[in-house]
Structure formats: C-alpha cells, structure tokens
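J.: Chain by chain, the residues:
Protein chains: 2
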Amino acid sequence: MHVSALVTDLYELTMMAGYWVAGMNPRASFEVYVREMPNHRGYLVAAGLEQALEYLELVRFTPEQIEYLRRLPVFARVPRAFFEECLGPFAFEGEVWAVEEGTPIFPHEPILRVTAPLLQAQFVETALLAIVTCETSIASKTARIAGVAGARPIVEFGSRRAHGTEAGILAARAAYLAGCAGTSNVAASHRFGIPVAGTMAHSWVMAFEDEMEAFKQWEALYGERSVFLIDTYDTVRAATRIAESGLRPAAVRLDSGDVLALSRDVRQIFDRAGLVRTGIFVSGDLDEQKIAAMLEQGAPVDGFGVGTAISTSSDAPALGGVYKLVEIDRGERRVPTIKRSTGKASYAGCKQVWRTFDEGRARGDLLGLADEAGPEGSVALVGRVMQDGRRTKPSPALSDLRTRCLEQVKALPDEVRRLDEPDRYPVRISERLADLTAEVSSRI
Amino acid sequence: MHVSALVTDLYELTMMAGYWVAGMNPRASFEVYVREMPNHRGYLVAAGLEQALEYLELVRFTPEQIEYLRRLPVFARVPRAFFEECLGPFAFEGEVWAVEEGTPIFPHEPILRVTAPLLQAQFVETALLAIVTCETSIASKTARIAGVAGARPIVEFGSRRAHGTEAGILAARAAYLAGCAGTSNVAASHRFGIPVAGTMAHSWVMAFEDEMEAFKQWEALYGERSVFLIDTYDTVRAATRIAESGLRPAAVRLDSGDVLALSRDVRQIFDRAGLVRTGIFVSGDLDEQKIAAMLEQGAPVDGFGVGTAISTSSDAPALGGVYKLVEIDRGERRVPTIKRSTGKASYAGCKQVWRTFDEGRARGDLLGLADEAGPEGSVALVGRVMQDGRRTKPSPALSDLRTRCLEQVKALPDEVRRLDEPDRYPVRISERLADLTAEVSSRI
Numbered sequence: 000m001h002v003s004a005l006v007t008d009l010y011e012l013t014m015m016a017g018y019w020v021a022g023m024n025p026r027a028s029f030e031v032y033v034r035e036m037p038n039h040r041g042y043l044v045a046a047g048l049e050q051a052l053e054y055l056e057l058v059r060f061t062p063e064q065i066e067y068l069r070r071l072p073v074f075a076r077v078p079r080a081f082f083e084e085c086l087g088p089f090a091f092e093g094e095v096w097a098v099e100e101g102t103p104i105f106p107h108e109p110i111l112r113v114t115a116p117l118l119q120a121q122f123v124e125t126a127l128l129a130i131v132t133c134e135t136s137i138a139s140k141t142a143r144i145a146g147v148a149g150a151r152p153i154v155e156f157g158s159r160r161a162h163g164t165e166a167g168i169l170a171a172r173a174a175y176l177a178g179c180a181g182t183s184n185v186a187a188s189h190r191f192g193i194p195v196a197g198t199m200a201h202s203w204v205m206a207f208e209d210e211m212e213a214f215k216q217w218e219a220l221y222g223e224r225s226v227f228l229i230d231t232y233d234t235v236r237a238a239t240r241i242a243e244s245g246l247r248p249a250a251v252r253l254d255s256g257d258v259l260a261l262s263r264d265v266r267q268i269f270d271r272a273g274l275v276r277t278g279i280f281v282s283g284d285l286d287e288q289k290i291a292a293m294l295e296q297g298a299p300v301d302g303f304g305v306g307t308a309i310s311t312s313s314d315a316p317a318l319g320g321v322y323k324l325v326e327i328d329r330g331e332r333r334v335p336t337i338k339r340s341t342g343k344a345s346y347a348g349c350k351q352v353w354r355t356f357d358e359g360r361a362r363g364d365l366l367g368l369a370d371e372a373g374p375e376g377s378v379a380l381v382g383r384v385m386q387d388g389r390r391t392k393p394s395p396a397l398s399d400l401r402t403r404c405l406e407q408v409k410a411l412p413d414e415v416r417r418l419d420e421p422d423r424y425p426v427r428i429s430e431r432l433a434d435l436t437a438e439v440s441s442r443i
Numbered sequence: 000m001h002v003s004a005l006v007t008d009l010y011e012l013t014m015m016a017g018y019w020v021a022g023m024n025p026r027a028s029f030e031v032y033v034r035e036m037p038n039h040r041g042y043l044v045a046a047g048l049e050q051a052l053e054y055l056e057l058v059r060f061t062p063e064q065i066e067y068l069r070r071l072p073v074f075a076r077v078p079r080a081f082f083e084e085c086l087g088p089f090a091f092e093g094e095v096w097a098v099e100e101g102t103p104i105f106p107h108e109p110i111l112r113v114t115a116p117l118l119q120a121q122f123v124e125t126a127l128l129a130i131v132t133c134e135t136s137i138a139s140k141t142a143r144i145a146g147v148a149g150a151r152p153i154v155e156f157g158s159r160r161a162h163g164t165e166a167g168i169l170a171a172r173a174a175y176l177a178g179c180a181g182t183s184n185v186a187a188s189h190r191f192g193i194p195v196a197g198t199m200a201h202s203w204v205m206a207f208e209d210e211m212e213a214f215k216q217w218e219a220l221y222g223e224r225s226v227f228l229i230d231t232y233d234t235v236r237a238a239t240r241i242a243e244s245g246l247r248p249a250a251v252r253l254d255s256g257d258v259l260a261l262s263r264d265v266r267q268i269f270d271r272a273g274l275v276r277t278g279i280f281v282s283g284d285l286d287e288q289k290i291a292a293m294l295e296q297g298a299p300v301d302g303f304g305v306g307t308a309i310s311t312s313s314d315a316p317a318l319g320g321v322y323k324l325v326e327i328d329r330g331e332r333r334v335p336t337i338k339r340s341t342g343k344a345s346y347a348g349c350k351q352v353w354r355t356f357d358e359g360r361a362r363g364d365l366l367g368l369a370d371e372a373g374p375e376g377s378v379a380l381v382g383r384v385m386q387d388g389r390r391t392k393p394s395p396a397l398s399d400l401r402t403r404c405l406e407q408v409k410a411l412p413d414e415v416r417r418l419d420e421p422d423r424y425p426v427r428i429s430e431r432l433a434d435l436t437a438e439v440s441s442r443i
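Protein chains in written order, with numbering that gives the first Met the number 0: chain A, 0 to 443; chain B, 0 to 443.
These aren't lab readings, by the way, just hints derived from the structure by calculation.
Any given hint could be a false lead.
Since the list gives no way to pick one copy over another, a pair counts as held whenever it fits inside one copy or between any two copies.
SDA-like mimics (lysine to any residue), calculated; alpha carbons at most 25 Å apart, straight line [said to hold, decoys possible]:
1) Lys215 / Leu274
2) Lys215 / Arg442
3) Lys215 / Phe82
4) Lys215 / Ser282
5) Lys215 / Arg70
6) Lys215 / Asp301
7) Lys289 / Arg34
8) Lys289 / Lys409
9) Lys215 / Ser441
All chains should be modelled from the sequences, with the hints used to inform the complete structure.
T.: Structural data, given as structure tokens:
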C-alpha cells in the first residue's frame, strides 16, 4: 500500500495544531462503527483491518510535506515548532482493538478502536475510515452474493468499475475474504495470494476474422484451462460450432442476452455433443438478486463472474462509518464522552461485543463496556491487535480469515441473512453502557 | 499516482500472450464510452484523462512482476520469450484521442480512443477504465450538485467515505473540475493545487469540558478563518452562547437535525447580535435534492460541505463504461469492428463528435466517423492528446478545465440539466456511421 500522511482531511491537521498549541495531548479513544444498516443489509462483514494496521505502521510526514503544510495560509499563526516537533517525528504509537476481519457486525458495534495520545488518534481518522468502510462495504455485499451462489464459485471481475486502481485491489481482497473464489485482478493476487482467474474479452474474438479461429488459437495455448466467451455475435451459433469443432473448453462464458434461456440451450447443445464436462460460466451486470433468480429457475450454470455489484457495492456504495471519540483522559480521570447531535447520538465509553451462540447459531449480541464481564458462554469479539504502534500478533492468512468468515456468516440466523427485508439481528445494550450513556448525556 | 503494471485483469495478459504466440500485433483502436446513461443523469462530465495519460506514460513491468507472472500456472505453455521480449521492454507507444476533461458527454460518444499495436492497446484496458469511469462518475454527480447550489460554494468532504485513500484523491480532483470550490483532502490539494478547506470535528468540541472553550481556543489560533461546528450538543444553545461571547467566527457549521429550521434560528440569533458577517455552512449527508429543497425554501445558507454523495457518486456509483475494439488492421486494410451482443451493440469505426451551438446553447451532437467532415459551424470534441506514447501538449491547468467545464455544462439545455427525469439530449448518428455499422453487422 502506498501510504501518504497527506491523505487526510485538513481539519485533522488544524485540530492537531490546535491541541498542540493548547498543550492538550491526553490519551483518547475513538471507535469506528456504523450508525445504521444500509438498505437491504441484514448484517455487515468487517474488513480492512489489515490495511488499516499497515497504514498506522507506515504513516510518516516527509520534509517536503511538512514544508508544504507550513506554507498553507490556514497555518499562518501556528508556531513552527508544531511542524518540527510534532509532525517531523510523527509515528503512531497507540493501541488498536478490533474485531477480526470477516466477522459479521451490526450498527454501533466497534469495528475497531484506537487509543492513543489525542493528536495521533485524531490524525488517523480519515484514512482509517476510508480503508475500513470501503472494504467492509464490499465484503458485506459479497457475502450476500456468495450466500446465494452456494457451492458455485463467484469470481470477482470488477476492477474496471472500481473507484480507481487501488480501489480495485481493495475490492478484490474484501471480496475474496467474504466468499469469492478468486479475482481477475493480478495485483490483488500478487499482493494477497488470492487465486487469479480470467477468460477472454470480446476484443479477442473480434480480432480474428472468424470467431472459431479465436477459440482454436486460445485452446492451443491454454489447453484445459480455456474458457471461451461465446456471446460476441450469436451465442447459440457459437455453441453449436464449438460442439462440432472438436474443441474441448473447460467452460464457456455467457455475458449478455437472456442468460437463463441461453444457458439451457448451450447445456443441451454441449451435452448432445458429449461436452458434458464443459461448464457454463455467466457474467454481465450480475448481482445477488439476478443470481438467486437464475438458480431458482434451475439454470445450468457452474459459476459466475461478478463485477460492478461487488467492486462498488453498487446498491449501497458507502457505509455511514464514523470515528467517534468515546473516552478521553482529563487529568487523572478517564472520562467517557458522547455526541448528542440529532439522529447521530453515540454511546459513551470503550466497548466490547459479546456474541451468544446456541448450537452453533448466533443468537444475539450484547454491546457493553470493555471492562464488563460478558454473559457466560458468550464470545468477546473485540481484541487487541496493536500496542505501542506495533502489531501484537502476525497477520492471519487471508484464506484462514475467509474460512472463518464463511462459517460465521452461515452461523447467523437465516432471517438475518435473507436478501429482502432481512430481520434485525438482536443487539442488546448492557445496563452499565445504557446507564453510563444516560449519565454522560445528563451532564452535558 | 502509483502505477503498477499488475493492476489489470488477468485476461489482458493472457490475451497479450495469445496474440504474441499467434504472431498478431496489428494496429488496433479501442474506444472508451458509456453504453447508457445511469439513472437520474441527463448528461455526463468527462474526467480522468490526465490520470489516464499519466498511467500510459508510466506503466512498465518490473523484473519481479515478470517473474511472478511467468510462474502462474495459466502461463505454463506460454514461451519464455513472451515475458522477456514483450513484457520486459513494454512501454505504451500509441496514440490517444480524447474529449477535454470537463466536457459534457453522452452515451456512445468516445471519451477517449487508444490506437496502438494490439498488444499494447489491449493491455491498458482495465486501468484506463477504472480511472476514467471513476472520475467521470464523480464529476457527473458533482455537476448536478454544483448546479443547484449556484453561487454558494460546495466543499468536497468525502475522503473518509471514498473507496480507499486513492479514490478520495481522485474524487477531490473530479469534484473540483466539475464545480466544487475546494476539498478537505490535503493530498489532493498538494497534488493538484485545489483550494483546501476544513472546519473542526465533533471530537474537537468534545475534547474540551465546555464547548465554548473549544471555540475560544480555535478562534485564538485561526482568527478570521474560524468555522465552528455547533451541533455537537444543542445547536441553538451553542449559537446563542457564541452570539453573547464576543467571538467572531467566519462561519458556523450545522451538521445534523432540521438544518432548514436551525439555519433560520441561527441566522436570526447572529443577526440580532450583530454577527451579520458570520456565515452558515451546512453539511451532513447532503446531495443535490436536499440542497435544492433547502434553497427553494429560502434557507439562509452560505455554503455546503458534501461528502459521500460526491465521493462515491452514491446514487450511481458506477458507470457502465466500456473499452471496445472499433477498428483493426488486417494486412493493408483498416477493418471497422462491432460487437453484436444483445443489448450491448456498438458502432463500428473510429469516431468523432460534433456539437452544434445556437446562441451559445448546445443544440445537439452528431456522432460520426473520425474522417467525416462535421456540420458547418459545429465544434469537434475529440482531439489528439498523445502520439507515440507522448503527450502532444502540456496538461491544461485544472482550474482552467474547471472554468470551461462550468461554461459547457451551463450551455446545455435546461431540460437536460434538470435533476429529475431530465430530457434526453439529442445525439444523431451520421449516415456514414449508420451505414458502416449496418454493413459490418451484415458481414458477421
């Protein structure tokens, strides 16, 4: 990841300077959470922690960046010492608690918590939110898609529609974490070890005078890995010609038209010709609704390529992820804080989430204070991952996170996993958390 | 921009290898365009060309990347020479034609065209699409927002909700191009010279025991640039206390609640106290509809901060941008090509767009072949920007592009710029283009 300290909102820096000038740098805790569930979502899948920690480990100001900032008119009255003594040696030295990537989460549950000297904790807000909410959006969307596809593999194809080249890499990672079988993005494969896959584009077919020539050349080079794209001109005609040709592709891809009807036609053509092992792979603006509809109608489809819906989380492209001050030291006291803005109220203090399981099924969460004891037999989801600016343990393998993610999503109640109008998963607020929040609120 | 050759779909590389093995590397032309208008959009604003050209200038394979690719199982049968002779010295050496950034465009009109040896032209597809469709989506959304805000400045605040840290920078750029007055993203300001702006976060207010202390400390440091965020606890109470305090902020920001009613209350409180020059700046999940509604009701608001709606183009987070082969050399012949896939048909050949103006108003476009003569008095929108892999002219200043963008968007018919159910802008297909497409289609 390319990390730049300037990838931040100006106000993080003006606030830092303000605290510095005021001589305030108490220990403070901020939590990243989502205020409310986006439309259509019954659960979210936490993702992006790995990149968030990488950011925290690497973020530094270069002398050129500091010089640039110092000359901004807004900093005219900020003493030079702030730039030299605060930004110059800046490194994140705090603590991070977080839920493991791939964990299903719900509104107000902390995805991660930063505890650090106020200036550091404030500064990292913008980048942390961008990283965590992007990957969490995409993982949450992917879990829905992978859920309906069941055993049929989904390959993430969406780099070209992602919001820039880095977003495509993050999308591929989050999509794999939440259940995709692979990605077409080579950089994501290289960086994260995600299985990489691909077929051919229409331009390959169009570059030859006859599409059969395009298929023959491909199979000559890629053999049993060949997947032919057969909708460039006429899908049924192409399938018929392939069946008669002696070619033996692993699969064909349908990317347009009435793919339900076409998949049946193509299956029949191939089966009659003995191409029973040639699979049918479908792509073309797919999402969970379209895949569910095809499978309900018994479409003979062996796998799906999904692009835009995953790489932009198209029906809910942004989470209302926030980074809120929940506790700050005032002298010797640790003071829990809240924001009371209409419709944006928060809970006070550092939190923990306990999930209760019954015969392997998640039955509900308790959101409480970090220093409470959870219900007997429940699992605490928030754990320490960074201390003094260093990771407390090595990064888990992405494939292990993926396995655990699939298990945990499956453990959610079916009604919460439903595509349409999912039930609300029960999240109780502990008595101590409710009391503390009421008390802090009454003090303001 | 961080450019990596691996940010691509695998199939671009397998196709390259296929062409290389087949000994095919004819000159080919691909066009980037949008098949259909996303919901709610009457026009699009082209953006991202500068980053696209930067990508084309910089993209190279490192030895480590080549080694990684060579070992992928899919390339098992691809001769080593492909990696050494084709990828090793790879550099883009082609030609690019494009519309200027900030130009309003419509479906099927080329945003850019790449003409290069087939292997090069094919390879750059994924990254070019990601860059151009991302910035074009965001510029198109921003133009709607800036359009309703009129003379009131919009500041882009959306980095934290963008799809990763790079997406936030691209969003800030596209937003400024299409009419934002500035951005909160410091990296975007540093890189592109965009005015940078910001206020304070709720955490600044919460970090002090009394919010008035937070405001006083701020004004002491930032003086006449101070913008106070006044909704952390009770907006009216905060405004009243500020009015009585002797503080003189440039503006206050309202970020929650019934901002229409609150803006009136706050205006009245300030006016009575003689704070007539203290502006009211509103933020909080705004979009063009909410801004239009507030202004129609006469809200005394002086400017807006818009985040998610801009940085994710939230109601249309992805354009159906495509990169399609439109012409390829076969021996001595230049052969126009089309794709006939259902619902995804394309027009053959290299294209030009002529826009006709009448008293400064755009009246309609003609989409024709690049070698046609346009209608008298019309303006040809597609021009050459790169030759032999090098730019043909220096990059225009972003602020100049912004000025021209605002003029050109204003020149569109009012009905096309309408927020809801805009009229379709007239785009005619030239006779020669229609004939050629029909002819190519009949030959397939």
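J.: Are any of the numbered hints broken by this structure? If so, which, sorted upward?
T.: Of the numbered hints, all hold.
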